[in-house]
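Undergrad: Residues per chain, in single letters:
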Amino acid sequence: MTDPLALDPVLPPRERSELRARAWNEDLPHDERYEHFEAHVRGGGKIEPHDWMPDEYRTAVLRFVEMHANSELMGVLPEREWIMRAPTLRRKLALTSKVQDEVGHAQLLYRVAEDLGKPREAMFDDLLAGKTKFHNVFHYPTRTWADIGVIAWLVDAAAIVAQQALRDSSYGPYARTMQKICWEESVHIMHGRDVVVTLANGTTTQREMLQEALDRWWGPLMQMHGPRSDRSKDRDLHWRIKAKTSEELRQEFLTIYVPRILELGLTLPDPELAFDKEAGEWRYADPDWNELRTVVTNHGPKSHERLEFRRLNREATAWVRAAILAEPRAAA
Amino acid sequence: MTVVRFAPSTSTALAELLLSMADDEFVIGFSDSEWTGIAPILEEDVAMSSIAQDELGHAKALYELLASVHNDGRDADALAYDREPEAYRHARLLDHRRGDWALAIARRFLYDTADAARLASIGDGWPPLGELIAKIRREERYHVMHALAWADRLARAGGEARERFVAALEALAPDAPTVLATPEGEAALLEAGILTRPMSAAFEGWRTEVAGILVPLGITLRLEAPADAAAARTGHSDDFRWLWGEFTSVRRSDPGATW
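Protein chains in written order, with numbering that gives the first Met the number 0: chain P, 0 to 331; chain D, 0 to 258.
Treat each hint with caution, since some may be false.
To be verified - Incomplete in silico selection of chain D near chain P, CB under 7 Å: (1) 79; (2) 100; (3) 248.
Honestly, the hints are just simulated from the structure, not real lab data. All of these numbers come straight from a predicted model, not from anything done at the bench. No residue lacks a Cβ here, since even glycine has one placed at the ideal position from N, Cα and C.
Given these sequences and hints, build the entire structure.
TA: Dropping the structure here:
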């Protein structure tokens with residue numbers, strides 16, 4: 000049977016010929032096929048859904064994309080609460096649109112994951128049962144309007160640092176999805192920055208609200224990319240599912256955003272935070288990794304409430320899904 | 000700045016019409032945006048959120064026109080937010096809380112079809128409004144298609160979906176006609192060509208259209224002409240007071256601040 004990808008007019012000819020070489024190895028022994036796969040991926044090649052891939056790779060991509068999708072879906076909840084309270088028409092439109100984007104990202108990512116063999120409903124089941132995870136930052140409460148600015152600016156900025164590196168992921172559908180997601184996230188950052196700058200230039204109450212939100216979010220932000228890890232032992236890096244280590248991402252985030260935060264006259268709640276010119280990297284107080292572990296295992300301040308909210312809501316809308324999946328009947 | 004050159008009584012009637020339309024779009028935009036992030040399926044979540052944004056965009060444009068009629072320094076945000084709950088002029092149909100998906104679809108179906116009938120009654124008597132309405136109608140066309148697709152699907156699904164949908168329609172039916180209540184100063188609006196037909200005619204057309212859609216689905220709905228035009232848009236519910244408390248909370252926390 001002809002692989003439909005070989006006929007795909009969208010792929011450049013060189014990539015098409017590479018696809019042929021690796022998809023058509025079906026008669027080779029496993030180890031040899033594995034070697035071809037390794038060489039292809041390590042050499043910068045892309046894997047497409049119909050290509051042969053080792054189960055470990057499929058599982059690793061699925062795990063990675065599923066957690067990303069879960070995070071987009073759960074990330075909707077903290078901000079969604081403020082759509083109703085947005086203080087101007089423009090802010091309400093922007094926030095609704097931003098949250099809508101996150102839902103759209105969840106949809107795109109769940110589709111990528113579905114093609115790897117796990118049905119969407121099974122992913123929702125696992126998320127609600129606590130078998131799969133979502134990002135630490137979405138386990139925290141949003142207390143004031145300033146949180147909306149800080150999340151859209153800095154949480155999204157920390158995310159985009161990681162996501163930009165994923166545009167070159169070895170898994171083709173994920174890499175392409177990230178192109179769109181990154182573009183939209185960069186608009187979110189502009190929206191967030193605008194909210195933050197407005198508050199920073201506002202009344203004393205607004206400035207205090209902003210500083211308080213930043214103080215509260217800084218810990219989770221520093222934990223967000225995870226503890227330092229050994230590059231050589233990270234299989235996601237080896238297979239180029241992702242491109243950078245946690246520490247590389249954190250350093251990148253600090254380099255871009257610390258000056259921008261300070262420029263607004265805000266302070267950061269870490270007295271050790273400073274750029275070490277000799278070492279060429281940021282020094283900072285060790286983030287609270289216990290807090291991170293506690294939070295991502297669904298013991299964060301809002302973990303239970305948000306999962307329960309999703310569960311109740313899923314239950315309350317089950318009849319709609321049943322109705323639209325059913326065969327239409329003739330009118331009564 | 001749009002210059003308004005109407006007799007004072009016409010200007011007052013125009014302002015009331017703009018306010019009622021803007022408040023309708025503003026409030027239904029809030030109800031719909033409550034579904035953002037929690038709609039029954041992700042694809043629908045994105046759709047409903049787009050509709051909410053359209054409605055808020057329409058509300059914003061209508062408040063801006065209203066600001067130009069008042070010409071007293073209040074901008075669209077001040078008009079939208081800085082009022083007591085009693086001063087809102089949205090139709091009673093929109094006074095109900097978000098409810099379940101059946102209520103959301105029933106409300107959208109009744110509102111979208113009624114709003115289309117209202118929009119079709121607005122002429123070029125005041126060109127800024129005529130031009131805006133032409134744009135709004137292009138977008139509302141898709142809202143009607145969306146509402147009709149869902150109404151059809153829920154009604155034909157039978158079982159729980161149909162029961163919920165019919166119950167929601169019946170719960171909203173007494174208030175649905177309020178969207179097309181006769182506005183204050185209608186004679187002046189007709190005279191100025193701002194309206195091209197009385198709202199009572201729009202109501203009759205809408206009632207026939209709704210029956211044409213629902214009767215083939217085996218649903219009959221009693222839709223009676225709103226008796227008291229003034230009451231159609233005042234005396235709001237506790238649900239709306241709650242909503243008002245939410246949407247003004249940040250703004251009231253630091254009055255006069257820029258957000």
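Undergrad: Each hint needs a verdict: does it hold in this structure or not?
TA: Hint-by-hint comparison with the structure:
Here the hint on residue 79 of chain D is kept, as its CB sits about 6 Å from the closest CB of chain P, short of 7 Å. A hinted interface residue such as residue 100 of chain D counts as satisfied when its beta carbon comes closer than 7 Å to some beta carbon of chain P; here the least separation is about 5 Å, so the hint holds. Checking residue 248 of chain D against chain P by beta carbon gives a least distance of about 5 Å; that is within 7 Å, so the hint holds.
Every hint, counting from the list given before, is met by this structure.
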